[in-house]
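Participant: One-letter residues, chain by chain:
Number of protein chains: 2
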Amino acid sequence: MIEPTVSRNFEPDIPDIVIRRLPIYVRTLRALQESGIANVSSDQLAELIGVTAAQIRRDLSYFGKFGKQGKGYDTFHLEQAISQILKLDHKWDVALAGFGSLGHAIAHYRGFEPSSFRIAAIFDRNPEQLGRQIDGVTIMSDRCIAGEVARLGIQIGIIAVPAANAQDVAAALVEGGIHALINYAPVVLKTPPNVLVREIDPIGALQSMTYYLEGEHE
Amino acid sequence: MIEPTVSRNFEPDIPDIVIRRLPIYVRTLRALQESGIANVSSDQLAELIGVTAAQIRRDLSYFGKFGKQGKGYDTFHLEQAISQILKLDHKWDVALAGFGSLGHAIAHYRGFEPSSFRIAAIFDRNPEQLGRQIDGVTIMSDRCIAGEVARLGIQIGIIAVPAANAQDVAAALVEGGIHALINYAPVVLKTPPNVLVREIDPIGALQSMTYYLEGEHE
Chain A
6 MIEPTVSRNF EPDIPDIVIR RLPIYVRTLR ALQESGIANV SSDQLAELIG
56 VTAAQIRRDL SYFGKFGKQG KGYDTFHLEQ AISQILKLDH KWDVALAGFG
106 SLGHAIAHYR GFEPSSFRIA AIFDRNPEQL GRQIDGVTIM SDRCIAGEVA
156 RLGIQIGIIA VPAANAQDVA AALVEGGIHA LINYAPVVLK TPPNVLVREI
206 DPIGALQSMT YYLEGEHE
Chain B
6 MIEPTVSRNF EPDIPDIVIR RLPIYVRTLR ALQESGIANV SSDQLAELIG
56 VTAAQIRRDL SYFGKFGKQG KGYDTFHLEQ AISQILKLDH KWDVALAGFG
106 SLGHAIAHYR GFEPSSFRIA AIFDRNPEQL GRQIDGVTIM SDRCIAGEVA
156 RLGIQIGIIA VPAANAQDVA AALVEGGIHA LINYAPVVLK TPPNVLVREI
206 DPIGALQSMT YYLEGEHE
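As you go down the protein sequences, you meet chains A and B in turn. At position 116 of the first sequence (counting the first as 1) the number is 121 in my numbering, and the numbers step up by one without a gap. At position 57 of the second sequence (counting the first as 1) the number is 62 in my numbering, and the numbers step up by one without a gap.
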């Protein structure tokens with residue numbers, strides 16, 4: 006679940022909800038290309054993404070003109086254009102804080118490759134983890150976070166530590182120069198206004214679904 | 006990242022964005038109670054949650070009258086009321102499909118306890134995993150999904166399998182009677198309109214943050 010902290014921290018001209026939808030466009034357009042589909046109608050694309058065709062036109066209108074009336078969208082060109090808008094045409098280094106089973110799952114998540122992201126630093130407070138090599142990255146102590154993140158010039162951090170340590174780890178990442186945080190810990194982080202936080206909150210997602218379920222379940 | 010599929014599947018009177026914010030209220034109010042704080046002003050609560058006080062009043066107005074003018078909110082009563090709205094005053098059984106490192110992280114996620122959710126069934130296609138006991142739950146084959154979910158009357162599923170198997174697993178869960186799905190696999194699932202899907206998409210979250218980052222990072 007993504008929290009509304011973004012709108013507090015960043016005040017872009019384009020609504021954040023639109024920006025958050027763009028990765029779904031990229032993913033869908035890439036899947037279409039992999040299926041050999043070079044052109045897609047706005048109705049088809051809307052169906053795949055789960056919005057209306059009007060919404061797609063509104064979303065894209067923030068960035069210019071895409072597609073031709075009655076011709077649909079070129080899957081390759083639209084994907085390239087949106088990837089460029091999202092700055093996915095570069096590689097971004099990511100610092101991962103926490104290498105328990107969650108951190109392990111994140112580091113080995115197949116969705117990361119091929120992608121624009123590379124886990125370039127891993128930190129853990131467990132002494133038994135220190136010095137281990139994960140795909141060429143050496144796990145370092147939590148105490149090294151600020152220095153190492155600054156040395157490598159990393160801008161994006163992922164917090165996969167227990168709730169009790171999350172705020173300290175976030176502070177260290179921000180001290181090192183991180184401007185974007187993905188937070189898996191079930192706490193609301195305090196961060197400076199220039200730091201973007203997106204929360205990945207499976208419990209929150211579950212809690213927001215039971216509202217719609219019927220009946221009582223013991 | 007939560008996808009907009011929800012609005013397609015469900016058309017509630019109350020906007021889904023409000024429902025998705027309520028778990029953050031619950032979490033924040035519980036944290037305040039743990040800190041011994043019995044009363045919170047709407048400004049303080051807004052600051053903690055990352056929205057405006059006006060937004061909080063609007064959100065809560067959907068459900069009735071909470072708090073007293075100039076008196077703020079009683080943290081215990083407001084949390085109880087919202088938990089009840091979200092039906093978190095019952096235990097909900099959850100089926101977990103996929104017991105790789107992600108599934109392992111989910112099953113052992115501390116944020117689940119104390120919570121309203123209990124992993125009541127675990128499925129994996131790897132024969133080496135079958136029969137293992139995880140907190141009293143025996144890992145079963147993917148082929149048992151529909152039957153076992155139906156037998157246990159489970160309504161909520163979590164998909165933590167690789168992208169290539171996600172659609173098949175989703176279909177089996179839905180066949181078994183699942184009405185709410187959390188999907189960690191980086192694919193857009195096809196599900197019947199009466200099934201609620203929330204996607205947990207760390208790559209999408211990352212991709213929607215680089216838009217805001219400055220400079221090019223090689």
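A portion of the hints provided could be inaccurate.
[Stated by the list, open to error] One side only, chain B facing chain A, incomplete, derived with CB under 10 angstroms:
no.	residue
1	Ser106
2	Met145
3	Ser146
4	Arg148
5	Ile187
6	Pro207
The set of hints was computed from the structure by calculation and includes no laboratory data. This one's a predicted model, so the numbers in the text were calculated from it and none came from an experiment. Ideal Cβ placement from N, Cα and C applies to all residues, glycine included.
Participant: Does each hint fit the structure? Answer for all of them.
Facilitator: Each hint, compared with the structure:
{"no.": "1", "hint": "Ser106", "verdict": "holds (4 angstroms)"}
{"no.": "2", "hint": "Met145", "verdict": "violated (21 angstroms)"}
{"no.": "3", "hint": "Ser146", "verdict": "violated (22 angstroms)"}
{"no.": "4", "hint": "Arg148", "verdict": "violated (23 angstroms)"}
{"no.": "5", "hint": "Ile187", "verdict": "holds (5 angstroms)"}
{"no.": "6", "hint": "Pro207", "verdict": "holds (6 angstroms)"}
Hint violations for this structure: numbers 2, 3, 4, all remaining hints satisfied.
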